[in-house]
Amino acid sequence: MKFRNFLALIIVAVFAFIIFQAFTIVPAAGEITINKFGQADLSNRTASRYINKNVNSDSKKVIYKESSNLESGSANIVTSVVANYRSFDTLGEITVLFLAAAGIAIVLNLEKSEKSRFAAKEASLILNTGIKIIFPLLLLAGAYIFIHGHLSPGGGFQGGAVIATAFLLKMLADYKFEIKEKSITLVESAAGIVFVGLGLYGLITRGSFLENFLATGTVGELFSGGTIAVIYTAIAFKVGAELTNIVKSLIEA
Amino acid sequence: MVNLTLIIAIPLLMSFTMPIFKMLNQKLPKVIALLTTAFNLLVLTANFSQIMDSAIIIELGGWQAPLAINLYVGPLALLAAFLINGSAFILSIYNLTQDYKFDDKFYLLFLMITAGASGMVMTGDLFNLFVFIEITSIAAYSLTAFAGRDSYEASFKYLVIGGIGSVFMLLGIGFTYSAVGSLNLAEIAASAGLINPLLLQITALLFLIGVGIEAELFPLNFWVPDLYTEAPTAVSGIMSGAVSAAGIYALARIFFTLFPAQSFLNYLLYLGAITLILGELIAYQQKNIKRMLAYSSLAQMGLIVAVISLGTEGAVRAGLFQLVNHSILKILLFISAGVLISAAGSKNIDDLAGLGSKKKTAAFGFTIAAMGILGVPFLNGFISKFMIISSSLNADQFLLTVLILLAAVIEIAYYLKVVQKLYFEDLKIEVKKTAVITIPVVLLTLMIFGLGIYPQLIADPLEKAAAELINNGSYIMTVLGGM
Amino acid sequence: MLNFLEEWSFFGGSILLILIGLYGVITRKNMIKILISLALMDTGVNLMLVALGYVKAANAPILNSVVQTNTAAFVDPIPQALVLTSIVIGTAVLGLGLALVIKIYDKFSTLDISKIRGLKW
Amino acid sequence: MLTNYIFIPIAAAFIAYILNKRNRKAGAVITALVSAYLLLSLTALYGRWDITQSFNLSLMGYKIDFLLAVNPLSWLFAVMTAAISILIALFSINSQENFKFSSVFNLNFLIIIGSMIGIVFARDFLTLFIFWELMTWTSFYLISAGKKKMAGRAAYRYIILSAGAAYAFLMAAIFIFQQTGSFAFDSAAEFLVANSPAQSIMLLLVISLPFIVKAGIFPLHIWVKDAHGNAPKEFSPFLSGMMLKIGIYGMIVVFYQLSFFKIIENTIAYRGLPLLSYLFALLGAVTIITGTILAIRQEDMKKLVAYSSISQMGYIIIGIAIATPLGFSGSMLHLMNHLIFKSTIFLALAAVIYRTGTTKMYEMGGLIFRMPLTFAAYLTAIIALAGIPPTNGFISKWVIYQALIEKGYLFLAIAAFFGSIASFMYVFKPLSTVFLGQLKPQHQNIKEVPLLMKIPMLILILVIVLFGVFPGIQMNIINQISGYLGIETVNYTLYSIQGANGAWNSLLIFNIFSAGFIIALLLFSFAKKSKLVGLLDTYSSGEYITDAESYHYAYQYYRPFDRLFDNLAAKSLTDFYETLTKNLVRSGEGLRRALAAGKLQNYALYSVLLFVILAAVGWII
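Chains as they are written, first to last, in full-length UniProt numbering: chain C, 1 to 253; chain U, 1 to 483; chain D, 1 to 121; chain S, 1 to 621.
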């Protein structure tokens with residue numbers, strides 16, 4: 001082992017040790033510290049307000065498929081956090097992905113590569129045929145995931161990723177398969193505009209950016225959650241298009 | 001009064017639409033970028049008097065203030081947002097004369113770096129701060145790569161260092177959330193006193209590293225010179241004029257409002273002082289003019305951090321004024337240097353000799369900005385230098401004062417070398433055609449003289465911003481008051 | 001022993017992941033490996049975030065036909081939402097990094113970062 | 001309004017700059033007009049020592065008063081500035097025809113005039129500092145505009161030394177401001193007297209740093225030679241004549257108005273003089289000696305005169321430092337006289353440069369026949385510089401000698417005498433090599449300078465003789481200054497000054513000299529004339545002489561004398577400063593190579609290392 005690596009190991013180990021110390025703190029009376037593993041105290045956290053859906057309204061018992069017109073209509077509480085309580089973060093998050101897609105496109109296309117890549121050739125019959133079968137199924141699965149984002153685990157990102165995977169497989173199998181750059185761009189832009197547009201509409205009608213302006217329905221129903229489903233659909237299209245775009249750029253580079 | 005969310009929302013909308021604008025008309029993206037930044041400035045101006053009265057809190061998504069994400073725009077955030085959007089506006093004017101390949105992507109990234117930095121200074125939520133830092137840095141990674149050639153290397157280095165920074169920051173966020181149970185800055189600040197000291201120490205250090213990378217603190221700043229050297233001029237300008245200002249803001253917010261403790265400020269003080277003197281010493285060595293400006297930026301950042309972390313009101317005010325000046329001056333320096341570089345076809349200082357008689361506007365801009373940084377009377381740098389020395393002596397920091405002045409002398413040495421080369425040496429190279437930068441130079445020069453002769457212009461915002469930073473109680477009260 | 005493992009495998013494991021990642025970034029010369037190390041660190045932090053919100057024997061924060069009301073014990077949904085964001089950001093950075101690596105490899109014909117020092121001093 | 005005196009030149013500067021772009025002569029004409037206006041309106045100000053003006057400003061939470069006032073001391077300096085500016089501006093109307101930077105010259109020159117008046121009218125540190133910086137910066141550009149490549153380096157050294165000193169000044173001033181709440185000199189003096197002497201002395205020494213630099217006093221004199229030698233030829237007279245003096249003005253302010261002398265009154269003394277004052281006098285003496293020796297070695301006429309300026313500054317410092325009435329009056333006299341004869345010398349040299357285009361003395365010779373008026377001006381001025389009656393230079397030196405002998409400062413007196421005698425050596429060198437000797441073939445067709453350039457030289461010759469005969473004119477204002485500063489006055493009449501060991505009567509001496517001159521003139525007119533023969537018409541052991549130049553001995557004129565000081569001169573102070581900066585640079589270089597080596601992995605390591613170190617620091621504390 002080289003000396004430099006040894007030194008690095010020591011330093012990093014000391015760092016890890018210091019971080020580890022944070023978990024072993026025994027707090028004095030009145031002090032607060034990190035909760036022990038498995039003993040997270042939700043009652044003191046903002047999370048409890050999200051679970052009880054009483055950020056803006058009074059606390060009341062929420063019952064699956066019964067309670068309706070809650071402040072956030074999603075049965076999946078993580079979804080209500082992602083697409084409702086903290087939707088501003090989510091907007092930022094898809095922006096990050098959007099920027100990365102733009103950045104990747106720039107980096108790979110700015111200067112023509114001097115090296116020749118391996119020549120693409122047709123994939124095997126098995127792969128080709130398999131993907132022909134699996135492609136629509138993947139699209140369907142993706143759609144299911146983002147449409148049911150407020151009811152079950154999943155959501156816009158996951159659905160978008162599955163859709164992008166479908167296109168990735170398609171591109172792997174068929175080297176002649178090409179999606180028009182223009183159409184990807186249009187989907188990407190349109191989905192983004194819809195998301196920001198929803199926010200601005202909320203701002204105009206309700207006075208606050210990204211505020212929910214649709215009825216929230218009954219918890220657990222498919223048509224519930226207000227804007228969540230719309231937002232998730234936009235996200236899914238955007239993420240799907242962006243990831244496809246990234247994959248496309250990387251393949252074509 | 002116009003809702004301040006628009007400062008982030010409109011650039012977002014515009015950058016999402018930018019590819020479509022490009023399809024409509026080739027020239028549209030640069031115009032849209034200019035209009036958007038101008039719109040942002042208008043929104044800020046419309047809110048000016050209200051914010052000077054009392055800070056504005058914007059609840060996003062209609063959720064009650066401390067419980068979900070909210071924006072907090074006090075005098076300090078307003079000042080920083082003005083800086084950021086003003087820088088972007090000036091650079092957008094400059095960009096009108098530039099031609100970029102993939103200009104839709106360039107302008108959408110440019111708008112997003114502005115919106116990201118504005119978000120950094122306006123947000124009242126810890127994790128949201130992280131998201132905006134990431135938006136800003138990813139836009140910066142991509143924009144850096146726009147120059148091709150060596151810029152990939154610069155971008156990759158920044159990306160890796162930035163990645164490490166974001167890990168540190170996320171760790172800090174996790175610890176804070178687990179202990180406090182909230183991500184709202186005001187709520188964290190309110191219970192910061194209860195946090196176990198060891199945990200507080202570790203968390204604060206994690207944030208120090210995470211945000212220190214954006215604020216260009218030594219020794220986390222070695223990506224800066226590479227980036228400033230290789231990136232296109234407008235990007236160097238926005239990085240040093242706007243993003244580093246946002247970095248300083250985030251640092252100040254965390255160590256004044258969130259975890260106000262003298263020991264952390266002392267760390268910052270020493271780091272800032274080291275950054276200052278090291279930056280100046282290295283800048284003096286440089287043969288490459290952009291690299292020289294980059295190290296000079298580092299040094300200035302160090303100076304600002306050191307002065308602000310003295311923690312007295314006068315010192316904070318001096319540091320903030322220096323921040324404002326630095327943004328104005330560095331942008332002018334970068335765009336003038338950009339024109340000089342393209343006229344000479346080289347970044348080497350020796351090749352710029354004699355350009356003063358050929359590229360008059362650029363050489364004038366460079367000279368005025370250099371003199372501003374060096375603190376010539378009647379220019380804005382003089383006032384801030386006076387305030388800095390005064391406040392650092394007031395805090396009994398004799399050694400720091402001497403160090404600042406020593407650094408100023410080194411600064412004189414290397415800036416004047418360039419100025420002399422520009423005007424008093426014979427032309428050596430063939431001068432190439434370059435962009436016209438009269439409008440930005442005139443605007444920035446007016447600002448330099450305006451702030452130098454009548455600094456009262458921003459006395460009130462500075463005073464309120466400093467007061468806001470010093471007293472974190474008012475921040476907490478404003479956000480949590482409704483509870 | 002089992003108790004200890006249960007208590008520390010998440011925190012300890014995530015710290016270990018961060019340690020490995022950091023060590024990789026500092027010592028590896030291959031740019032791809034550096035990016036992998038970054039991804040490892042990201043994973044470590046994400047794991048830690050989720051672990052910080054874990055409540056023993058509680059449900060996933062989703063109301064369904066089994067967990068009918070919100071009076072039941074749930075794990076903390078906020079870290080999960082944060083992790084979702086942080087994963088996407090990590091992916092974005094990773095993708096951009098890989099694109100840069102492709103271009104750098106084009107230019108220098110090497111993946112060894114210690115040989116790519118066109119920018120220094 | 002005192003501000004008029006400051007801001008009219010500064011405003012005119014920009015007008016001059018713009019107009020000069022259209023017409024090469026416009027700038028100099030405007031400069032001359034503005035200076036004339038200043039001189040006229042300043043004369044109207046004479047005797048009205050009660051005029052003050054102040055501005056209150058609440059700047060960023062600091063309450064600041066800007067104070068301006070006029071007193072005899074500042075009035076004298078303002079008048080000197082305006083007067084010399086008129087002459088230089090007149091001179092430069094013609095001489096700047098081919099000057100590339102003539103617009104820049106006039107812009108900066110007018111700003112300098114305004115800021116110098118600002119400096120002398122300032123009654124508080126901040127006003128002083130602002131105008132001081134303005135003057136420093138503009139003169140930096142002026143020096144840079146010099147013709148040679150060395151001008152840039154010289155300006156560079158100048159600005160770095162000046163700026164470093166000025167920042168130190170600012171720091172001390174702000175320190176005082178924080179104690180007293182005001183920048184005004186009066187309250188500062190009160191504070192300094194009441195404060196602990198050690199701290200006050202430290203503060204005042206720091207405050208005097210920029211003045212020491214500007215006055216070119218050893219050991220901060222290294223910028224003077226190159227700056228004066230390489231500045232544009234029209235600026236050298238101002239630089240040497242006036243800007244060195246503004247340093248002296250600052251010293252007087254520190255010594256008297258900020259009560260430096262009062263504070264050190266009771267410290268250890270040598271022959272009744274506090275040791276610190278003696279130290280300053282000693283610095284003056286060292287300055288005289290080094291300046292003189294280095295001047296003798298110079299081959300470049302402008303650099304030679306520059307070193308002579310350094311050594312003349314030494315006299316002024318000695319006189320002020322010993323703080324006797326005679327010493328002070330002598331210094332003030334010498335200050336005025338040095339301005340007059342040094343400007344004359346520089347203008348004469350500028351005329352020579354204007355015609356020949358070179359400053360190397362061994363490239364010239366025999367110009368006396370081609371440029372008689374220039375020669376006359378130069379001759380008169382060097383007679384004054386060497387201190388020969390009946391010129392003004394003698395009187396001021398005489399008064400200083402009187403002061404030194406009165407108190408019995410042996411070493412200082414020796415240095416002063418050495419400087420006076422040796423100055424003869426160096427001023428004779430240009431006289432002999434430039435004006436006398438053989439005319440170089442390439443200078444055969446040279447003509448005398450145009451009328452507008454002659455006028456300033458003529459005026460200066462007259463003034464030299466005038467003050468040589470009637471020093472009472474100068475003593476009038478000097479005694480007013482002494483009275484203002486609280487120094488005893490010296491008895492004088494229009495043409496005599498009362499020294500310690502007797503009185504000087506210049507009228508008598510002038511009459512004697514005139515008589516001698518007339519006798520000599522008579523002898524010269526009636527006695528047998530020498531015959532003019534051609535240079536090559538001579539006998540030399542059968543060899544034919546073909547090369548006239550080898551008969552003109554101009555290079556390394558004082559070689560045997562130089563050899564005495566070769567060792568001393570080799571250890572130049574400039575080298576010391578250069579080694580210092582080189583080491584500083586090298587340390588930066590080392591850091592740069594070690595830290596920013598382009599290794600990404602190291603950069604990553606730094607971040608972890610910083611965390612670990614800060615955590616360790618936190619642990620220990």
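Hint data in this document are derived by calculation from the structure and do not stem from the laboratory.
Treat the hints with care, as some may be off.
Said to hold, decoys possible - Computed list of lysine-lysine pairs in BS3-like fashion (alpha-carbon distance at most 27 Å, straight line):
{"hint": "1", "chain 1": "U", "residue 1": "287", "chain 2": "U", "residue 2": "421"}
{"hint": "2", "chain 1": "U", "residue 1": "421", "chain 2": "S", "residue 2": "360"}
{"hint": "3", "chain 1": "C", "residue 1": "170", "chain 2": "C", "residue 2": "132"}
{"hint": "4", "chain 1": "S", "residue 1": "25", "chain 2": "U", "residue 2": "358"}
{"hint": "5", "chain 1": "U", "residue 1": "428", "chain 2": "S", "residue 2": "149"}
{"hint": "6", "chain 1": "U", "residue 1": "358", "chain 2": "S", "residue 2": "21"}
{"hint": "7", "chain 1": "D", "residue 1": "33", "chain 2": "C", "residue 2": "112"}
{"hint": "8", "chain 1": "D", "residue 1": "33", "chain 2": "U", "residue 2": "347"}
{"hint": "9", "chain 1": "S", "residue 1": "454", "chain 2": "S", "residue 2": "147"}
{"hint": "10", "chain 1": "S", "residue 1": "25", "chain 2": "S", "residue 2": "100"}
{"hint": "11", "chain 1": "S", "residue 1": "147", "chain 2": "U", "residue 2": "287"}
{"hint": "12", "chain 1": "S", "residue 1": "63", "chain 2": "S", "residue 2": "100"}
{"hint": "13", "chain 1": "U", "residue 1": "417", "chain 2": "U", "residue 2": "358"}
{"hint": "14", "chain 1": "U", "residue 1": "428", "chain 2": "S", "residue 2": "147"}
{"hint": "15", "chain 1": "S", "residue 1": "149", "chain 2": "U", "residue 2": "421"}
{"hint": "16", "chain 1": "U", "residue 1": "360", "chain 2": "S", "residue 2": "582"}
{"hint": "17", "chain 1": "C", "residue 1": "112", "chain 2": "D", "residue 2": "107"}
Contradicted hints - numbers only: Per hint list: 8, 12 and 16 violated.
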